[in-house]
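Participant: Each chain is listed here by its residues.
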Amino acid sequence: MNELLKLVHGVVNWGMDTAESMNAGVLIDASVFYALMWVSVLAALGVVLCRNVVHSALLLTASFIGVGCLYIYMDSPFIGAVQFLVYGGAVAILIVMALMLTRRDDMAHSNLSRSLFCQAGAAVISGAFFLCISVASLMTQFREMSAELGDSVTGLADMMLTKYILPFEVAAVLLLIAMIGALVIAKGAHES
Amino acid sequence: MMDIFSLSAVDILNWSVHIGLTHFLLLAALLFSIGLYGLLTRRGIIPTLMCVELMLNAANINLVAFNHYRPVTDFSGQLMAVFSIAVAASEVAIGIALAFRIYRERGSVNIDELNHMKG
Amino acid sequence: MENLTVGAAAEWIRSVILLILGNELLTDVVMKFVGLGACIGVILTAAIVLTYAERKVCAFMQVRLGPNRVGGRFGLLQPIADMLKLMSKEDIIPDGCDRIVWALSPMLLFVPSALIYGLFPFDEGVVFADVNVGVFLLLAISSQSVLPFLMGGYASNSKYAFIGGMRTVAQMLSYEAPMVFSLLGVVMITGSMRMTDIVAAQAENVWFVLLQPIAFIIFIISATAETNRTPFDLVEDESEIVAGPFAEYSGMRWALFFLAEYANLLSISILTTTFFLGGWHGPFLPGVFWFWMKVLFMVFVFMWFRWTFPRTRIDQMLSFSWKVLLPLALVNMMFTGIGVYVWRSMM
Numbered sequence: 001m002n003e004l005l006k007l008v009h010g011v012v013n014w015g016m017d018t019a020e021s022m023n024a025g026v027l028i029d030a031s032v033f034y035a036l037m038w039v040s041v042l043a044a045l046g047v048v049l050c051r052n053v054v055h056s057a058l059l060l061t062a063s064f065i066g067v068g069c070l071y072i073y074m075d076s077p078f079i080g081a082v083q084f085l086v087y088g089g090a091v092a093i094l095i096v097m098a099l100m101l102t103r104r105d106d107m108a109h110s111n112l113s114r115s116l117f118c119q120a121g122a123a124v125i126s127g128a129f130f131l132c133i134s135v136a137s138l139m140t141q142f143r144e145m146s147a148e149l150g151d152s153v154t155g156l157a158d159m160m161l162t163k164y165i166l167p168f169e170v171a172a173v174l175l176l177i178a179m180i181g182a183l184v185i186a187k188g189a190h191e192s
Numbered sequence: 001m002m003d004i005f006s007l008s009a010v011d012i013l014n015w016s017v018h019i020g021l022t023h024f025l026l027l028a029a030l031l032f033s034i035g036l037y038g039l040l041t042r043r044g045i046i047p048t049l050m051c052v053e054l055m056l057n058a059a060n061i062n063l064v065a066f067n068h069y070r071p072v073t074d075f076s077g078q079l080m081a082v083f084s085i086a087v088a089a090s091e092v093a094i095g096i097a098l099a100f101r102i103y104r105e106r107g108s109v110n111i112d113e114l115n116h117m118k119g
Numbered sequence: 001m002e003n004l005t006v007g008a009a010a011e012w013i014r015s016v017i018l019l020i021l022g023n024e025l026l027t028d029v030v031m032k033f034v035g036l037g038a039c040i041g042v043i044l045t046a047a048i049v050l051t052y053a054e055r056k057v058c059a060f061m062q063v064r065l066g067p068n069r070v071g072g073r074f075g076l077l078q079p080i081a082d083m084l085k086l087m088s089k090e091d092i093i094p095d096g097c098d099r100i101v102w103a104l105s106p107m108l109l110f111v112p113s114a115l116i117y118g119l120f121p122f123d124e125g126v127v128f129a130d131v132n133v134g135v136f137l138l139l140a141i142s143s144q145s146v147l148p149f150l151m152g153g154y155a156s157n158s159k160y161a162f163i164g165g166m167r168t169v170a171q172m173l174s175y176e177a178p179m180v181f182s183l184l185g186v187v188m189i190t191g192s193m194r195m196t197d198i199v200a201a202q203a204e205n206v207w208f209v210l211l212q213p214i215a216f217i218i219f220i221i222s223a224t225a226e227t228n229r230t231p232f233d234l235v236e237d238e239s240e241i242v243a244g245p246f247a248e249y250s251g252m253r254w255a256l257f258f259l260a261e262y263a264n265l266l267s268i269s270i271l272t273t274t275f276f277l278g279g280w281h282g283p284f285l286p287g288v289f290w291f292w293m294k295v296l297f298m299v300f301v302f303m304w305f306r307w308t309f310p311r312t313r314i315d316q317m318l319s320f321s322w323k324v325l326l327p328l329a330l331v332n333m334m335f336t337g338i339g340v341y342v343w344r345s346m347m
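Protein chains in written order, with the UniProt record's numbering: chain A, 1 to 192; chain B, 1 to 119; chain C, 1 to 347.
Don't read these hints as lab results, they were simulated from the structure. Keep in mind it's a predicted model, so treat the numbers as computed, not measured. Be a bit skeptical, because a hint or two may be false.
[To be verified] Chain B side only, calculated, beta carbon under 7 Å to chain A, not exhaustive:
#, residue
1, ILE19
2, LEU21
3, LEU30
4, ILE34
5, MET55
6, LEU56
7, PHE75
8, ALA89
9, ALA97
10, ARG101
[As the list claims (entries may be wrong)] When the alpha-carbon atoms are kept at most 16 Å apart in a straight line, the in silico EDC-like pairs for lysine to aspartate or glutamate are as follows:
#, chain 1, residue 1, chain 2, residue 2
11, A, LYS187, B, GLU105
12, A, LYS163, B, ASP74
13, C, LYS159, C, GLU240
[As the list claims (entries may be wrong)] A short list of chain A residues far from chain B (calculated; beta carbon distances all over 10 Å):
#, residue
14, MET1
15, GLU3
16, LEU5
17, LEU7
18, VAL12
19, GLU20
20, THR102
21, SER152
The beta carbon of each residue, even a glycine, is placed where N, CA and C say it ideally should be.
The following block holds chain A by itself, in its conformation from the complex (with noise of 0.2 Å):
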């Protein structure tokens, strides 16, 4: 039993000491990073690409919900709580009923793309943007360090409530002049 216990040993403990010189750590942190990426990158080229308007909905819920991860990868619970809740929770749900309801009779074809030569003006287009940005963004040599900034929570709410005061207010009074507006549209169409 001990020589068992002691072969098993040895062997986790090799397998550490490897995983130790091959920097586990940070591969776990890569390959976790990557896999939101993937994720949220090719949701993202579905909702792009599908022929069928209601999947390109679904696989934008799935890019947010790919995204807000990768808040909860940088420390930002709060942030990613927010996301899920705003993004997965209420728009995604909006996105695809207002789908539902003004729905034509086809939905396998339902999400038209204008005509070839526009689409390859646009690709130029977003292609030459992202190689700016990346070039500019791999150009530039940041000088990375996190700082330990305590408590995420305490520290949102003591800025929302005295720094960012007026901001938080007025993003309140926007987001009830939307809500009146939204209905006072909404319920228009209704009555005519």
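Assemble the complex: chain A is given as a structure, and chains B and C must be docked to it using the hints.
Facilitator: Quick look at chains B and C alone, frame taken from chain A:
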């Protein structure tokens, strides 16, 4: 200024596993370009709105990433992301109400057909 | 007596694994997986126990015997018979459905219901992820379960399923608002959104059901609506729309919907216990007994609702949420704020 043309394969591999600010900036740029492509090619109102949401998301990633990876002393980046999400939510509400109204009055949600000002 | 806690059991498992592996770091990693397995185990056990309990409670309310053939006088093997029946059923795929979305819907519905179990404090120190935004993250994750219903309703290519999906959205979104506002009172008194802090605050003072009785009632009502149980089961309203979004599902796919439903029933009972009934705290007995006693009591209360109240109408239900519950929750929040302010300035 980093000389990106004289990097060896090991350097690139090393860079690609140490996740930092640049990775998030690249991801945000990629999402933004995908959104831009969709915005330019889609013809329906609601798909267009979806692409705008993708682009706003990309901007939010930048805000949070700068807050996390730069030596800042408070949470202003995260707070800006909260405000940006609030604005995006109200924008979607209004946009969808408009799309709904247009569909009811004209029976179409195609942007190209909305080319006259009179109702 | 002290050794009878879940924390002690976890310590014991940890020491066994440490003995076998002989490495602290790897043991911690393995313990995370043990925690995950425990959460899944709780959900699966709950599904088995609660299906049986639902039938028995129903029979008790209606002065019947309930299951009494399979497995002795009390029908103890009934859940297994149910499971075998569901597994042997034919998997019917409706004509003209959106195949991928249709197949994904029941699986995706189960994900948020299972994920929130990671945030529950089951006992002293027994919580999988103790996050500082616990309450908020919990509400955010559970709000994700609306979309799978809508997906199922849309993809089934059936009008009953579609109406059911639309109803789900209306119902779950309108009852989310009073639920959030009723929990804000608890968060304001505690001064923290961490779940363990909320339990600790109740151990120091009194249970929040005494401090926040209105919030407790609002929470119970909106939680019943969020889990789509009678009197608010407009989503799967048998007498009007067959079975709502589940109408076109059969066999194991249908069973997955019910697994999620019972996971939700257990999780709202755990939430009520954690936020209002003092969590795992109680005199004499170890925490885990108190915890499960309170939770099972709350499960019984929710089943009691189901078999005694008649179903509401959809318009009554929505106006009840927006015109009664939400203003009440806001007023409660205002008075809580004033109370907390006065209390702090007196101290």
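Participant: If a hint holds in the structure, say so; if it does not, say that too.
Facilitator: So, going through the hints one by one against the coordinates:
For ILE19/B, the interface hint holds, the least distance from its beta-carbon to any beta-carbon of chain A being 5 Å, beneath 7 Å. Residue-level restraint check for LEU21/B holds (minimum Cβ-Cβ distance to chain A is 5 Å; threshold 7 Å). Contact between LEU30/B and chain A, as hinted, is supported at the beta carbon level, the nearest pair being about 6 Å apart and thus within 7 Å. Below 7 Å, beta-carbon pairs count as interface contacts, and ILE34/B has one with chain A at about 5 Å; its hint therefore holds.
Annotation: MET55/B was flagged as interfacial toward chain A, and the flag is violated, the nearest CB pair being 10 Å apart, outside 7 Å. Annotation: interface hint on LEU56/B violated; nearest CB of chain A at approximately 9 Å, more than 7 Å. Against a cut-off of 7 Å between C-beta atoms, the interface hint on PHE75/B holds, since the closest Cβ of chain A lies about 5 Å away. Checking ALA89/B against chain A: minimum C-beta separation of about 5 Å stays under 7 Å; hint holds.
At a threshold of 7 Å, the smallest CB-CB gap from ALA97/B to chain A is about 4 Å, leaving the interface hint in force. Interface restraint check for ARG101/B: the shortest CB-CB distance to chain A comes to about 4 Å, inside 7 Å, so the restraint holds. At most 16 Å may separate the alpha-carbon atoms for a hinted pair to count; LYS187/A and GLU105/B meet this at roughly 12 Å. Between LYS163/A and ASP74/B the CA atoms are separated by roughly 11 Å; this keeps the pair inside 16 Å, and the hint holds.
About 12 Å separates the Cα atoms of LYS159/C and GLU240/C, which keeps this hinted pair within 16 Å; it holds. Against chain B, the non-interface label of MET1/A holds: every CB pair exceeds 10 Å, the least being about 41 Å. Non-interface status of GLU3/A relative to chain B is upheld: no Cβ of that chain comes within 10 Å, the nearest being about 39 Å off. Consistency note on LEU5/A: stated as away from chain B, and its beta-carbon is indeed over 10 Å from all of that chain's, at 35 Å minimum.
Remark: the non-interface label on LEU7/A is consistent with the geometry, its nearest Cβ contact in chain B lying 32 Å away (cut-off 10 Å). No beta-carbon of chain B comes within 10 Å of the beta-carbon of VAL12/A; the shortest separation is about 24 Å. At roughly 15 Å from the closest C-beta of chain B, the C-beta of GLU20/A stays outside 10 Å, upholding its exclusion from the interface. Remark: the non-interface label on THR102/A conflicts with the geometry, its nearest Cβ contact in chain B lying 4 Å away (cut-off 10 Å).
Distance check for SER152/A against chain B: the nearest CB is about 6 Å away, which does not clear 10 Å, and the non-interface claim fails.
Violated hints for the displayed structure, listed by number in ascending order: 5, 6, 20, 21.
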